[in-house]
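*Asks:* What follows is the residue order along each chain.
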Amino acid sequence: MFFSSPNQTIRKAFNRIFDTTPLLISLVAALVVASVLLIAMSTDPLQAYRSMLNGAVGTENAFAETLVKAIPILFVAVGICVAFRGGVINIGGEGQMIAGALAGVSVALIATSLPGPLIILFSLTAGFVAGALYAGIAGFLKAYFNVNEILSTIMLNQIAVQSMNYLLNGVLLDPTEAGTNHIPKTAKILAEAQLPRFSITLPDAIYGALQGLGFAGTPELFARTRLHYGMIIAILLAVIIYMLLWRTTIGYRIRAVGENENASRYAGIHVPRQIILAMFIAGGCAGLAGVVQVLGLQYRLQTDGSATGFTANAGFNGIVAALFGGLNPLGAIPASAVFGGLLVGAQKMQRDMGVPAALITAVNGLIVIFTVSSQMFARRRARRRAANEPPRSERVLDAAVNTPMEQQT
Amino acid sequence: MSATLPTGHRRIDQLEMRGIVKRFPGVLAVDHVDFDVCSGEIHALLGENGAGKSTLMKMLYGLYQQDEGVVRLNNAEVRIRSPHDAIQNGVGMIHQHFMLVPSLTVAENIALGMKSSRGWRLDLDLVSKRIRELSERYNLKVEPDIPTWQLAVGEQQRVEILRALYRGAALLILDEPTAVLTPQEVDDLFVILKKMTADGHALIFISHKLHEVLAISQRVTVLRDGRRVDTIPTEGATRLKLAEMMVGRPVVLEYERPEVTVYSDRLQVRNVSALNDRGEVGLRELSLSVAGGEIVGVAGVSGNGQHEMAQVIAGLRPLTGGKIEINGQDVTGRSPSVVRKMGVAYIPEERMIDGVVKDFTVAENLVLHDHGRKPFVSQRIFMNFKAIRDACQEAIRAYEIKTPGPDVPIKNLSGGNIQKLVLARELARQPQLLIAAQPTRGVDIGATEYIHRQLLKERARGTAILLISEDLDEIRALSDRIVVMYEGQIMGIVPGKDVNIRQLGAMMAGTPLDKVAEMS
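Chains as they are written, first to last, in this note's numbering: chain A, 186 to 594; chain B, 1179 to 1698.
Just chain A, with the same shape it has in the complex (with noise of 0.2 Å):
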């Protein structure tokens, strides 16, 4: 009775693409309602896009700076899409963050006589079970006395910054650096431990292509950037995590765990592990994104006193990301990417026009309420055709918006 006409596979790849298109939609009335500002402090909005434009992606350089900014939100926002799907709001990506850097790092430091490769992947291990506990610690609390996981996650961001000072300032301090106004920050680690830049050789045929653009490098694309492999790593986690979501028991009986927990139950799934796994993934991703920090670019754990010292804020733009890819891990990786590009691009921005580079927060503050918002327009249009199509992505923020809510009543 239901088979597939063409004329129903137009409407299906149309719907499709309507679906994304409230998304870009938002992005766009976003930067449409912060050129307002810009006009407030008297700066072109048009000329002032095109320097972050320009910043984000108008050079090889910039371009792979963007990518560099891009991986730790990815890595967040991919353990945010499992946490978010499993009805567990984590604001800790800060924290698990730090957590799985200290590890990372200190694993970095200690195993130095183990060849590099093997030190990589014991560094990234550790990254990840530091972060998974970290975060494990509000899922348990959560999952068994009911403590409203926003606000312990938050708090545990403190504890983590405080003891990376502590530790940064203490054990773990540079040997180099000790003496009276040092920096607190660990020693550098090997060279064989660190993760390889990345780099691609265009063929020749788009090389040509690129020259007769403008295009100034040399064949060996992103070679004289800091793009580094945590970039492959990071894409290979979201499509792992994109499986494990939607082609495993164990991302399924998440996924109804965040939908419907009294049904959950009723069925016989154990609900506390899951709000347990769901924030352990999550923070073993977060966790990743900082050792990779440390490993792939800064080749030690440095901080300014804040968490924003060492993340970068990664931790709570990876939560926008993963909003704003639809909590689908494969989604972050295009969200991921447009996000470091805002920051990179604001960076040029603040250079060419004088315009503080925090203008670029709000542009992310506009960007998540009109995502949110989209989802009405796109949620009433599946309302529409509710009968003909399983509908898939007009619930993508349900999960985000609602569910915290439900869940707290």
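Hints were generated in silico from the structure; no laboratory data involved. For clarity, every value in this text was computed on a predicted model and none was experimentally measured. Where is the CB? At the ideal position from N, CA and C, for every residue including glycine. Wrong hints could be hidden among the right ones.
Said to hold, decoys possible - Cβ-Cβ distance ranges computed for the label pairs, FRET-style:
id	chain 1	residue 1	chain 2	residue 2	range
1	B	K1589	A	G393	51 to 59 Å
2	B	V1516	A	I425	25 to 33 Å
3	B	L1282	A	N354	54 to 62 Å
4	B	L1282	A	L209	38 to 46 Å
5	A	N354	B	H1275	31 to 39 Å
6	A	Q343	B	I1370	55 to 63 Å
7	B	K1319	A	Q343	55 to 63 Å
8	B	D1649	A	L209	48 to 56 Å
9	A	L209	B	V1369	53 to 61 Å
10	B	R1201	A	A394	44 to 52 Å
11	A	S298	B	K1589	56 to 64 Å
As the list claims (entries may be wrong) - Partner residues aside, some chain B positions facing chain A, computed with beta carbon under 10 Å:
id	residue
12	L1312
13	Q1362
14	D1365
15	L1367
16	V1369
17	I1370
18	P1514
19	R1518
20	K1519
21	D1532
22	D1537
23	H1547
24	G1550
25	V1555
26	I1559
27	R1603
Let chain A serve as the given structure and place chain B on it in line with the hints.
*Replies:* Just chain B now, kept in the frame of chain A:
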């Protein structure tokens, strides 16, 4: 010009809907339906879930727009584009779910969204006065100054009726108004409705409960699959006739219960006590047993421990005392998954809350607890979606579930079809013990009959069935033994055959069986 009602608003002498058509993508929800209602009349709109009753009425109330057809009010054509338009035209609707702000008083709720006669200053004293007048006239017994959270469900409904009257409703659409009421409250409601029609109001009564339709209406229109089957005067109609019109084929209101082999006790509950959600004693020293091939019906007024009992047996609620055995094995205090592995299936009372994950597809819901078993998993943790979909297709066919397919979110299905899926899921594991809590509540006649037959089939297969229901007809039609509960205790256990309904009623009101026997 037409006459005015005692409420001071314009009367609707006749409202006519002609050739109304409403299409949803892929579905013709309402197909050229004619419907009319006159002043002083209660016109019942009867049909199974999904027959198009609610859709038709939502068009009249402006929540949907019809694709074809006209609405004529006192012989003048009107376009109702929004609920606001409807109210302007004197059409009001009482929804199944009440829309009151709990912290506000009755008067504040009624004044909400209306212009104050004093501009920006509140005129709640005037509103209260008018509420008292209306309340008195229609015997609504509504106090204007009480916060609505303090009101019982029946009272909240009366506030909704009052709000509609206050806003000038001359025609009132009541969408399954009795679904949430106790029998006593239903009687009260009917008195109010009769008074309203006597005053010249026109009422449309949406329902699928036959005896209520017969008791209250003057005419009945039956809808089936979006089409009008017929409109007949209520006088002379019978339950059987109406049921057949609704379902489109002869129906059985009583079942044959063949003699089946009765096995040993599958479930034994011994002196079990437990707390309810409020932390009070919900079950006191409760003991009962169910044998294989036996249906034990649990009767009682809602909230007398039936829900707690089902949860305790399923491992979902901790015990404070006593012992539960399934097939002779002690399962006291074991987790739901352990209890399920012992062969217990459970149809929960609140299917949308406890039974299904409403944003999951039909197929995903089918495997809610068997998702980890073969053939639904391949290679340890990877789900085999082909096998799940095949199983779902099979369930859709075997249980006659009406759905566009296995990949549709289950929330798009009607209540009866969702319940059939829950049933399919629970019976798929060939249970030793089936706990069926309110298995047909809110389910249409066709599906109810189907579910009852499935329960009897399970009984014949040798399953022990604990049937919890507030519907005494259901209990009597299916049970081999009837247990009556009152305040967490068992008042008595009687054979299901030739049960004395008075005796049951007395036990439900809290008189133990031995005392009932003494009295008679």
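*Asks:* With 10 Å as the cut and Cβ atoms as the points, is B/R1518 at the interface with chain A?
*Replies:* holds, 4 Å
*Asks:* Can the hint on B/Q1362 be confirmed by a CB-to-CB distance to chain A that is less than 10 Å?
*Replies:* Since the shortest Cβ distance to chain A is 30 Å, the answer is violated.
*Asks:* I want to verify a distance hint. Is the separation of the beta carbons of B/L1282 and A/L209 within 38 to 46 Å?
*Replies:* Taking Cβ atoms as reference, B/L1282 and A/L209 lie about 42 Å apart, which means the hint holds.
*Asks:* Taking the CB of B/R1201 and the CB of A/A394, does the distance hold inside 44 to 52 Å?
*Replies:* Holds, at about 51 Å.
*Asks:* Once the shortest beta carbon distance from B/D1532 to chain A is found, is it less than 10 Å?
*Replies:* holds, 5 Å
*Asks:* Please verify that hint: B/V1369, Cβ, nearest Cβ of chain A, below 10 Å or not.
*Replies:* violated, 36 Å
*Asks:* Answer holds if the nearest beta-carbon of chain A is closer than 10 Å to that of B/L1367; otherwise answer violated.
*Replies:* Violated, because the Cβ-Cβ distance from B/L1367 to chain A comes to roughly 30 Å (cut-off 10 Å).
*Asks:* Any CB of chain A closer than 10 Å to the CB of B/I1370?
*Replies:* violated, 33 Å
*Asks:* Taking the closest Cβ pair, is B/R1603 under 10 Å from chain A?
*Replies:* With a minimum Cβ separation of about 9 Å from chain A (threshold 10 Å), the hint on B/R1603 holds.
*Asks:* How about B/D1537: closest beta carbon in chain A under 10 Å, or not?
*Replies:* holds, 5 Å
*Asks:* Honestly, do B/V1516 and A/I425 meet the 25 to 33 Å range at C-beta?
*Replies:* holds, 32 Å
*Asks:* Under 10 Å is the threshold here; is the Cβ of B/V1555 close enough to any Cβ of chain A for the hint to stand?
*Replies:* Because about 6 Å separates B/V1555 from the closest Cβ in chain A, which is inside the 10 Å limit, the hint holds.
In summary, the structure is inconsistent with hints 5, 12, 13, 14, 15, 16, 17 from the numbered list given earlier, while agreeing with the others.
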